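Based on the hints, put chain B in the right spot on chain X.
2 protein chains.
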Amino acid sequence: MRTPLERFYPLIPAGGVGSRLWPLSRAVEPKFLLDLTGTGSSLLRATYDRLVDLATDGVMVITGEAHANAVTQQLRELRGSDLVLEPSPRDSAAAIGLASAILYQRDPEAIIGSFAADHVIDPVEDFQAVVREAIAAAATGKVVTIGIEPTEPSTAFGYIKASKSLGAKDAPHALAVEEFVEKPDAQTASAYLATGDYTWNAGMFVAPAQLMLKHIEANEPELYAGIMQIAGAWDTPERDATMNRVWDTLPKTAIDYAVAEPAAAAGDVAMVPGSFSWDDVGDFDAVARLNIEKTGDDLFVLGDKNNVITEDSTGIIVNNTHRKISVIGISDVVIVDTADALLVTVRDDAQSVKNTVAKLKEQGLNNLL
Amino acid sequence: MRTPLERFYPLIPAGGVGSRLWPLSRAVEPKFLLDLTGTGSSLLRATYDRLVDLATDGVMVITGEAHANAVTQQLRELRGSDLVLEPSPRDSAAAIGLASAILYQRDPEAIIGSFAADHVIDPVEDFQAVVREAIAAAATGKVVTIGIEPTEPSTAFGYIKASKSLGAKDAPHALAVEEFVEKPDAQTASAYLATGDYTWNAGMFVAPAQLMLKHIEANEPELYAGIMQIAGAWDTPERDATMNRVWDTLPKTAIDYAVAEPAAAAGDVAMVPGSFSWDDVGDFDAVARLNIEKTGDDLFVLGDKNNVITEDSTGIIVNNTHRKISVIGISDVVIVDTADALLVTVRDDAQSVKNTVAKLKEQGLNNLL
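Just so you know, the sequences run in chain order X and B.
Take the first sequence: its letter number 208 is residue 208 in UniProt numbering, and every next letter is one higher.
Take the second sequence: its letter number 25 is residue 25 in UniProt numbering, and every next letter is one higher.
Just chain X, with the same shape it has in the complex (with noise of 0.2 Å):
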């Protein structure tokens, strides 16, 4: 008899461009391929390590075509049977649906887990103790989200409203999920905070496999089919010939779609909070607040510190150029040098880099986007 944990299978979608990370993030090196915080690890690499260690075998990542060079040489001991490259995006339904759909074939015990790629989680002990009472909570037959403890009432995130404990082995801090709520106004977001019952959806779940695959059936029937097959074939000769004619055909939905608020309306949804400080680097004000935290330093540099000359200033400078940079009497800069692009602004402007990224869509410069 195997416990939850040797059935625990994490898997990886690593998707979404970053936009408001430009120019920097790109989409031929998105978000989730880069090194945010001086580590020398991208974030793709960093949340496979914080994986890796509760995987019974191996870790799966899903991710676009495009980046299976990328991946590979960032995770040089995944296996490519654990490498699912999607032809074209299809969502986040069938990404994840496949996945679970591959591992129930190898596992039909299964207990998956559902962790973003783009994501900085700090300290690693502390998710892993959180992710083990989720595996916990997932093996009495739920999908256990994570839910970030809010720190402020943010209007970017939705929520989760949890209420009486699980009372599952293993899992003390384990709730029942009333349901999930979209992101909410900055009033309603307020409200949520002071009843202490809401925390913010990371997209982070843990779910036996087969679980996942009933609500698909019962929500998504023709994607369920899809995936079935395309998991049928993944460990024989006819996995790539199958996904080359499969994937394109299954429906385009979100996982919140087709597993979470359902599976939530049939009080199938457990939470355990996740007392770890999470940040889904959303903007380059995030990119400065994680580092300026971490070193203690009011200016940070990213990438080439060597080239980078300061006076009387604040802030965060990517210097990816190798160029010399001369920055005198700003606060709070924000300057990211790339070879093709440069973008100059302060924390409290970071979030409309996006109108910048939308004027070069307009303008159908999409080599630089």
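I should point out that these hints are in silico values taken from the structure, not numbers from a laboratory.
Keep in mind it's a predicted model, so treat the numbers as computed, not measured.
Be aware that a few hints might be false.
A pair counts as met if it fits within one copy or between any two copies, since identical chains are not told apart.
[Said to hold, decoys possible] Once the Cα atoms are required to be at most 35 Å apart in a straight line, the calculated DSBU-like pairs of lysine-lysine come out as:
id	residue 1	residue 2
1	Lys294	Lys359
2	Lys354	Lys305
3	Lys252	Lys361
4	Lys214	Lys161
Just chain B now, with coordinates in the frame of chain X:
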């Protein structure tokens, strides 16, 4: 009998890096070779164009050997015999003294006029009218400076104290000069302004070549002997050999000490007030001011305008790289983007660019200077 204007020979000492305009201005491409106003003309070319209409027989240019190609590219009509290439920097008395000596050899009645290569002057017609007055006054046997009417109690310039009218024919505004004074402190500068007797010394002056040489002979006999020797060989096949043999032996001193100050003490100096607008474009704040005044826009792009996207920003952006530049939410910004160096600052800190240059010098990074 020739008029004074028919004996007028302008000369342009083109030197100085303009290090507060780093990283645009470099030793290999100093300020005078740059177009700082987006007109397509460098400061040198504009200086030449202002003077050539007044010239009897061309304009003489004195510059470092390193700039021979750039200068002849910008001034294709310049005769080889009117381009004095300095094998090494020997300061302004040697440069202007030698040009005066050559012109004196060619025309003993020459009236020379010396004008820096890196100032911005507008309108040209007003400038030329003032120079014509200065020529008329010089013909009475004076070293005639052009005094810039101060717009503020600047501590960045020397001042000229003038008194009564010179009463010279065709020079109604010419005044006798009492003395030159060095750059004052702020209090002294304010006191100067209050009297109305002081103008800025912008280093522009007009004088009979013979009078220039008389003062040089009296104050710097060794310099005088050297420049006369080179000048004697200038329009002969011995030019280069003599220049190369003698130039590096010339004493290094400023024209202020060799001519202007002793001439003033001897009562030989007059001043014509410059009613035109004048700027020595000492830093990027000045570059921004000049261009913003001219265009009426509060954000000016020098260089590749098409590749700049701005939002809620004012100031100046120099785009010399054709990279895409996005600037968001910074007022009075100064961004100078070149192939190997990037400056980001604000107009109020434009003077501090010299600190960066000093650091680069300390580090021996001469390729960036």
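Against the structure, the hints:
In this homomeric assembly, Lys294 and Lys359 come within 35 Å of each other (Cα to Cα) both inside a single copy, at 34 Å, and across copies, at 28 Å. In the homo-oligomer, the alpha carbons of Lys354 and Lys305 lie at most 35 Å apart both inside one protomer (26 Å) and across protomers (21 Å), since each shortest distance falls under that limit. Taking CA atoms no more than 35 Å apart as the test, Lys252 paired with Lys361 passes inside one copy only; the shortest distance there is 23 Å, against 59 Å between copies. When the C-alpha separation of Lys214 and Lys161 is checked against a cutoff of 35 Å, the pair qualifies only within one copy, where the shortest distance is 23 Å, while the shortest distance between copies is 95 Å.
Of the numbered hints given earlier, the model fails none.
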